[in-house]
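These protein sequence lines are chains L and S, in that order. Quick note on the working numbering: the first sequence kicks off at 1 and runs consecutively. Quick note on the working numbering: the second sequence kicks off at 1001 and runs consecutively.
Calculated directly from the structure, the hints in this document are not laboratory data. Just so you know, even glycine gets a beta-carbon here, dropped at the ideal spot from N, CA and C. Among the hints, a few may not be true.
Using 35 angstroms as the maximum straight-line C-alpha spacing, the simulated DSBU-like pairs for lysine-lysine come out as follows [as the list claims (entries may be wrong)]:
(1) L:K31 with S:K1069
(2) S:K1100 with L:K7
(3) L:K119 with L:K188
(4) L:K219 with L:K273
(5) S:K1074 with L:K119
(6) L:K219 with S:K1040
(7) L:K32 with S:K1069
(8) L:K184 with S:K1043
(9) L:K173 with S:K1040
(10) L:K147 with L:K32
(11) S:K1095 with S:K1040
(12) S:K1095 with L:K255
(13) L:K196 with L:K219
(14) S:K1095 with L:K32
(15) L:K219 with L:K263
(16) L:K18 with S:K1100
(17) S:K1095 with L:K31
(18) L:K263 with S:K1038
(19) L:K32 with S:K1043
(20) L:K255 with S:K1069
(21) L:K173 with L:K119
(22) L:K188 with S:K1095
(23) S:K1038 with L:K32
(24) L:K113 with L:K219
(25) L:K184 with S:K1040
(26) L:K173 with L:K196
(27) S:K1018 with L:K31
(28) L:K173 with S:K1074
(29) S:K1074 with S:K1095
(30) L:K219 with S:K1043
Pair ranges (Cβ atoms, derived) [as the list claims (entries may be wrong)]:
(31) S:D1065 with L:G11: 33 to 41 angstroms
(32) L:S36 with S:E1010: 19 to 27 angstroms
(33) S:D1065 with L:A244: 42 to 50 angstroms
(34) S:E1010 with L:Y243: 34 to 42 angstroms
Just some of the chain L residues that point at chain S, by a computed CB distance under 10 angstroms [to be verified]:
(35) D22
(36) C51
(37) A52
(38) M56
(39) I65
(40) G165
The lines below spell out each chain.
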Amino acid sequence: MSLDYVKFTPGFDRWMPKEYRDMVDHGPFGKKTSVSQVGTFKEILEEHPMCAGCAMTLFIRLAMIAFPNPEDTITVGTAGCGRLAISQAAIPFVYGNYGDQNGVASGLTRGLKLRFGDKPKDVVVMAGDGGMADIGFAQTLHSWFRKEKFTTIMLDNEVYGNTGGQESGMTNKGQVLKMAPVGKKFEKMDMLGMAKVSGCAYVATVVPNNPRRVESVIKKAVLVAREVGPTYIQAYTSCNIEYAIPTDKVMEDAKDVENDRYKFSEYLTDDAKQALGELYGYKEYLPKPAKTVTAG
Amino acid sequence: MYLIAYIDTEICAATSCKLCTQYCPEANTILYNNDAGKEKGLKYGSAYVAVDRCKGCAQCVWVCDNMAKHNAIKMEMIDQVGDSALTENITYGEKNTTAKLANPIRG
Ligand SMILES: Cc1ncc(C[n+]2csc(CCOP(=O)(O)OP(=O)(O)O)c2C)c(N)n1
Ligand code: SF4
Ligand code: SF4
Ligand code: SF4
Chain L
1 MSLDYVKFTP GFDRWMPKEY RDMVDHGPFG KKTSVSQVGT FKEILEEHPM
51 CAGCAMTLFI RLAMIAFPNP EDTITVGTAG CGRLAISQAA IPFVYGNYGD
101 QNGVASGLTR GLKLRFGDKP KDVVVMAGDG GMADIGFAQT LHSWFRKEKF
151 TTIMLDNEVY GNTGGQESGM TNKGQVLKMA PVGKKFEKMD MLGMAKVSGC
201 AYVATVVPNN PRRVESVIKK AVLVAREVGP TYIQAYTSCN IEYAIPTDKV
251 MEDAKDVEND RYKFSEYLTD DAKQALGELY GYKEYLPKPA KTVTAG
Chain S
1001 MYLIAYIDTE ICAATSCKLC TQYCPEANTI LYNNDAGKEK GLKYGSAYVA
1051 VDRCKGCAQC VWVCDNMAKH NAIKMEMIDQ VGDSALTENI TYGEKNTTAK
1101 LANPIRG
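Start from the sequences, fold in the hints, and give me the full structure.
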């Protein structure tokens, strides 16, 4: 949990795999890297077994690039497709039992605070819609009501992808899936509304067909969680297997879904705006200077 | 045999818009050589694919064709592309990467 944890013990570097050496020498640790620079620095995400062309994979990749301090970040995940990639990055990953991820992240965040005080240590949960809105629903909501200071990211593919196509609370009404053969009978859950009601300081929806927007949303969510309270990002990350999307059409689908029902949205409390404006240079959130009225 | 993405340096280096890299789902797969094509008078350098990491999804083809509108990427059979970039032969610099090309078929 510092810049030093990735470095080699002197004398051992030549025994390390090339990917590791590249990561230490040309990775993002201690630097400011951005999505616009990808292709010229070593990313901390390594090879993993998620499906070819999976939008969730792209989102996870962008999230890892966007973390404001990757060297001071811990990710928390659970069963589901995403952890297959999230666990293969050069930052610590904690696996919570299915549905327990926000409980685990609460303890972790509090422990880090006790150990490191005000030194920033960022905890980011990334889990599927099934793990978060169904099985982990109580733990997710309670962590928000308790105002736990970490970021929760739902990788919303609107299905249980890893177990072959069951409907989740986040599946759309009427959707037929392999293991929902007559179509889902209920509406998609309003997790965004619940995030606001339960006190999240920053809530956003995003689709990975706009990488710079993903970057901006992740940075803000992590910084607000660090300073103010819980933050929630809901990302549409299609499952091209269970929704039979040809892999070269995944971004076209993302665009269609964004236009249809996953429009970009961002909600910030006043405290969140103040923290971003005053501590992190987001000028757009600083109060506008009062207009001077000249008596005429 | 299987398909991997192949980027035409001459087309890419005419603009090198750097879009495809932001959309490839795989990390460290589409990289940039800022000097590629300079010997032919092309300005910007080119993207290239570390073929051992490419999963053949063709998302980059869609991005280059439909968003960038440059049509620089095609899917090719791995045994048809000739010498290619492989992770073990890629060198990272300060703000650039270079690759020594080699036969992508290991045997
Ligand atoms: C306690 C527990 N119950 C059930 C499972 C089986 N299981 C593994 S992944 C998964 C579904 C994942 O769906 P989701 O959370 O939506 O993530 P996705 O795979 O779609 O990304 C289930 C039910 C488990 N691992 N642990
Ligand atoms: S099953 Fe679906 S969500 Fe899981 S890795 Fe494959 S495409 Fe992605
Ligand atoms: S999108 Fe096409 S033109 Fe742009 S960098 Fe990629 S290959 Fe080159
Ligand atoms: S085919 Fe897919 S994995 Fe291969 S370079 Fe293109 S986007 Fe990346």
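Hint check:
1. L:K31 with S:K1069: Roughly 33 angstroms separates the two Cα atoms, so the pair holds.
2. S:K1100 with L:K7: Distance of about 27 angstroms is within 35 angstroms: holds.
3. L:K119 with L:K188: violated (39 angstroms)
4. L:K219 with L:K273: Distance of about 13 angstroms is within 35 angstroms: holds.
5. S:K1074 with L:K119: violated (48 angstroms)
6. L:K219 with S:K1040: Not satisfied, since the Cα-Cα distance of roughly 40 angstroms exceeds 35 angstroms.
7. L:K32 with S:K1069: Roughly 30 angstroms separates the two Cα atoms, so the pair holds.
8. L:K184 with S:K1043: violated (54 angstroms)
9. L:K173 with S:K1040: violated (56 angstroms)
10. L:K147 with L:K32: holds (29 angstroms)
11. S:K1095 with S:K1040: At roughly 22 angstroms apart (the allowed maximum being 35 angstroms), K1040 of chain S and K1095 of chain S satisfy the hint.
12. S:K1095 with L:K255: holds (31 angstroms)
13. L:K196 with L:K219: holds (19 angstroms)
14. S:K1095 with L:K32: holds (13 angstroms)
15. L:K219 with L:K263: Within the cut-off at roughly 19 angstroms; holds.
16. L:K18 with S:K1100: Since the Cα atoms of K18 of chain L and K1100 of chain S sit roughly 15 angstroms apart, the hinted pair holds (cutoff 35 angstroms).
17. S:K1095 with L:K31: Distance ~12 angstroms between K1095 of chain S and K31 of chain L Cα, so the pair holds.
18. L:K263 with S:K1038: violated (41 angstroms)
19. L:K32 with S:K1043: Holds, because 26 angstroms separates the two Cα atoms, which is no more than 35 angstroms.
20. L:K255 with S:K1069: Holds, at roughly 17 angstroms.
21. L:K173 with L:K119: The given pair, whose Cα atoms are some 45 angstroms apart, is violated under the 35 angstroms limit.
22. L:K188 with S:K1095: violated (45 angstroms)
23. S:K1038 with L:K32: holds (28 angstroms)
24. L:K113 with L:K219: Cα-Cα ~20 angstroms, so holds.
25. L:K184 with S:K1040: Violated: K184 of chain L and K1040 of chain S sit about 58 angstroms apart, past 35 angstroms.
26. L:K173 with L:K196: Roughly 23 angstroms between the alpha carbons, so the hint for K173 of chain L and K196 of chain L holds.
27. S:K1018 with L:K31: Holds. K1018 of chain S to K31 of chain L sits at ~21 angstroms (cutoff 35 angstroms).
28. L:K173 with S:K1074: Status violated; Cα separation ~38 angstroms.
29. S:K1074 with S:K1095: holds (26 angstroms)
30. L:K219 with S:K1043: Distance ~33 angstroms between K219 of chain L and K1043 of chain S Cα, so the pair holds.
31. S:D1065 with L:G11: 33 to 41 angstroms: violated (50 angstroms)
32. L:S36 with S:E1010: 19 to 27 angstroms: holds (24 angstroms)
33. S:D1065 with L:A244: 42 to 50 angstroms: Roughly 22 angstroms apart at Cβ, these two residues miss the hinted range, so it is violated.
34. S:E1010 with L:Y243: 34 to 42 angstroms: The hinted range 34 to 42 angstroms holds for E1010 of chain S and Y243 of chain L, with Cβ atoms some 37 angstroms apart.
35. D22: Holds. Min distance 5 angstroms.
36. C51: With a closest approach of 8 angstroms, the C51 of chain L hint holds.
37. A52: Check passed: Cβ of A52 of chain L comes within 4 angstroms of chain S, closer than 10 angstroms.
38. M56: M56 of chain L check passes; min Cβ-Cβ to chain S is 8 angstroms, inside 10 angstroms.
39. I65: holds (8 angstroms)
40. G165: violated (20 angstroms)
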